[in-house]
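Student: The primary structure of each chain is shown beneath.
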Amino acid sequence: MHPPATAHRPFAARSLDWLRENLFSTPANALITLITLALLLWAGSSFVSWAVLHAVWGRADVATCNALFGQGACWAVIADKWRHMLFGIYPQGEQWRSALAVVIFCAIIVLSAMRAFWHVWRLLALWLSGSLLCAWLLAGGFALTPVPTALWGGLPITLMLAVFGTLFAFPLGILLALGRRSALPIVRAASIVYIELVRGVPLITVLFMASIMFALFLPEGVSFDKLLRAQVAIVLFNAAYIAEIVRAGLQALPRGQYEAADALGLGYWQTQLLVILPQALKITIPAQVNSFIDNFKDTSLVIIVSIFDFLYAVRQAVISDLDWRHYFVEGYLFAMAVYWLFCYAMSHYSQWLEKHLSRDHRL
Amino acid sequence: MDPTAAHVIPPNAEEIIRIEGLNKWFGDFQVLRNISLSVRRGERIVICGPSGSGKSTLIRCLNRLETHQSGTVIVDGIRLNDSLKNIEAIRNDIGMVFQHFNLFPHLTVLENCTLAPIWVRKQPRATAEATAMKFLERVRITDQAHKYPGQLSGGQQQRVAIARALCMAPRIMLFDEPTSALDPEMVKEVLETMVSLARDGMTMLCVTHEMGFARAVADRVIFMDEGEIVEQAPPEIFFSQARSERTRQFLDQILDH
Numbered sequence: 001m002h003p004p005a006t007a008h009r010p011f012a013a014r015s016l017d018w019l020r021e022n023l024f025s026t027p028a029n030a031l032i033t034l035i036t037l038a039l040l041l042w043a044g045s046s047f048v049s050w051a052v053l054h055a056v057w058g059r060a061d062v063a064t065c066n067a068l069f070g071q072g073a074c075w076a077v078i079a080d081k082w083r084h085m086l087f088g089i090y091p092q093g094e095q096w097r098s099a100l101a102v103v104i105f106c107a108i109i110v111l112s113a114m115r116a117f118w119h120v121w122r123l124l125a126l127w128l129s130g131s132l133l134c135a136w137l138l139a140g141g142f143a144l145t146p147v148p149t150a151l152w153g154g155l156p157i158t159l160m161l162a163v164f165g166t167l168f169a170f171p172l173g174i175l176l177a178l179g180r181r182s183a184l185p186i187v188r189a190a191s192i193v194y195i196e197l198v199r200g201v202p203l204i205t206v207l208f209m210a211s212i213m214f215a216l217f218l219p220e221g222v223s224f225d226k227l228l229r230a231q232v233a234i235v236l237f238n239a240a241y242i243a244e245i246v247r248a249g250l251q252a253l254p255r256g257q258y259e260a261a262d263a264l265g266l267g268y269w270q271t272q273l274l275v276i277l278p279q280a281l282k283i284t285i286p287a288q289v290n291s292f293i294d295n296f297k298d299t300s301l302v303i304i305v306s307i308f309d310f311l312y313a314v315r316q317a318v319i320s321d322l323d324w325r326h327y328f329v330e331g332y333l334f335a336m337a338v339y340w341l342f343c344y345a346m347s348h349y350s351q352w353l354e355k356h357l358s359r360d361h362r363l
Numbered sequence: 001m002d003p004t005a006a007h008v009i010p011p012n013a014e015e016i017i018r019i020e021g022l023n024k025w026f027g028d029f030q031v032l033r034n035i036s037l038s039v040r041r042g043e044r045i046v047i048c049g050p051s052g053s054g055k056s057t058l059i060r061c062l063n064r065l066e067t068h069q070s071g072t073v074i075v076d077g078i079r080l081n082d083s084l085k086n087i088e089a090i091r092n093d094i095g096m097v098f099q100h101f102n103l104f105p106h107l108t109v110l111e112n113c114t115l116a117p118i119w120v121r122k123q124p125r126a127t128a129e130a131t132a133m134k135f136l137e138r139v140r141i142t143d144q145a146h147k148y149p150g151q152l153s154g155g156q157q158q159r160v161a162i163a164r165a166l167c168m169a170p171r172i173m174l175f176d177e178p179t180s181a182l183d184p185e186m187v188k189e190v191l192e193t194m195v196s197l198a199r200d201g202m203t204m205l206c207v208t209h210e211m212g213f214a215r216a217v218a219d220r221v222i223f224m225d226e227g228e229i230v231e232q233a234p235p236e237i238f239f240s241q242a243r244s245e246r247t248r249q250f251l252d253q254i255l256d257h
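First to last, the protein sequences are chains F and A. Quick note, the first sequence lines up with residues 1 to 363 if you use our numbering. Quick note, the second sequence lines up with residues 1 to 257 if you use our numbering.
Hints are not guaranteed to be accurate.
As the list claims (entries may be wrong) - Calculated lysine-lysine pairs in the DSS-like style (CA-CA distance at most 27 Å, straight line):
| hint | chain 1 | residue 1 | chain 2 | residue 2 |
| --- | --- | --- | --- | --- |
| 1 | A | Lys122 | A | Lys85 |
| 2 | F | Lys282 | A | Lys147 |
| 3 | F | Lys226 | F | Lys297 |
| 4 | A | Lys122 | A | Lys147 |
| 5 | A | Lys122 | A | Lys134 |
| 6 | A | Lys147 | F | Lys355 |
Bear in mind the hints are in silico, worked out from the structure with no lab data behind them.
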């Protein structure tokens, strides 16, 4: 037997074959292809013309942009407002601290994604030192001017809420997932009630509760930082979703794994930590990353409790300036690009992770 | 296989497993009916019977992979009841080999073998690894020690599963259809390992249809049907002079093919 001949033909010839087979196989098919192509060209070309060809690039004053309003994008608004967009209302002179915190924070994330750091103590040391450093940079004190959390804003807020919102939700979610499958009726019931209750309400309401209702239950004079309350709300909210993802992973494992662990005399926690979870969590990587990307974007809801995340900072930077306020489309496109960059990196990393961890050649 | 090697346990060997009046239901369906069985130390028992006869359930009741509803199970002097301490003690005495191997796919062969010794027996890693290598050598699989189970053939995986169970130094080994999931050419290597284990005097309860194995090493063959022990006898009597009609029918079916 010989392999099919197409494999040896030049790329151009194979491409032509593919086109003929898939796009121009019948007259109707060819017509649809041409119409779609025309639509794409039309939409694409007007966008390129607006966003690239007729756009105002680099620093420019408003008058230059106004002259081209409607024909070309005004990227000058980003050049003029980027600091406000990235760091919100954080005091102007101190914004280098915000920037440094973002860099350090991203560095921690990138480092912990690397194999060399996959040891409990290294990760713990990395995250403790990195987080404390970021907290000091943002909050001040010890030789830096103190900045109250009410003035924090922009990208540091979005990153913090999303990353810690998942990091702390993860162990909680695992416990809830195990609880939901527990043989102990009280533990099981409590886990089910928690998960179903939290999943049944929108994040906005949980944030609202944390921000407004929570204060009503506390004795007078006792109060927690608003940002902290929102962060805790996000953790508690995400935990319910993570729990369900983990549970799916647990259910995907064959019963034989539990039986083998039982027969060897491993206890409940030993079985879960050494045998079950390492396998279950690996299966759920795509779903976990999906949920993390969701959560990353959902942090933009914190604006309803007056916490100024990245998206709001972008909007506010443009809208609040009488000169530039018409150029919010460019601002939102900039925000989109930043969100996309983070989400794409995560998605890419998750694919690498899956491949890397699939060393067990499971049959 | 040398048939004379099978009978070496002294007749006065002490009882290591005692089962009395064991009953088990799955919902309304009674899988085990009033089972009584006594096993002496060093005895090798083969349990056979049609599927659904309760043979796997019976041996799974010995280490509490299944819970029985009535009757007594005593393993090495320890009564099997709801006490977690007793269950733990009994599981420490019993090694088990499964039909589908149930190796941990995320751990290497060596890690599979050292996991329980390190975490349950609290052995130092070096000791556990030395013991593991000894048993891996015994099942002739040392060169695969650092591979993952998915990289091995079924026969190799089952031999690793046997080594993994042996690393816990059990006094009793349970085999739950250890060769049923294997390709035919791999059955032999697993059976040879089991025969060599039997020669060393390990107390074994094997659920299997490998009648050659039963003839070679079993002290007693038990036939189960519909949750009952229908017949039990030494292999030379079991295969030629079975008393019950059901046993003879079953033997006809599996021996003719």
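Student: Could you run down the list of hints and mark each one as holding or not?
Tutor: Hint-by-hint comparison with the structure:
Note on A:Lys122 and A:Lys85: the hinted pairing holds, with a Cα-Cα distance of about 17 Å set against a maximum of 27 Å. For the hint linking F:Lys282 to A:Lys147, the alpha-carbon distance of about 19 Å falls within 27 Å, and the restraint holds. Pair hint F:Lys226 plus F:Lys297 holds up; C-alpha atoms about 20 Å apart against a cutoff of 27 Å. Of the supplied pair hints, the one linking A:Lys122 and A:Lys147 holds, its CA atoms being roughly 24 Å apart against a limit of 27 Å.
Distance restraint check for A:Lys122 and A:Lys134: the Cα-Cα separation of roughly 18 Å lies within the 27 Å cut-off, and the hinted pair is therefore satisfied. A threshold of 27 Å between alpha carbons decides the hint, and for A:Lys147 with F:Lys355 the separation of about 17 Å falls inside it, so the pair holds.
In this structure, none of the earlier numbered hints is contradicted; all agree with it.
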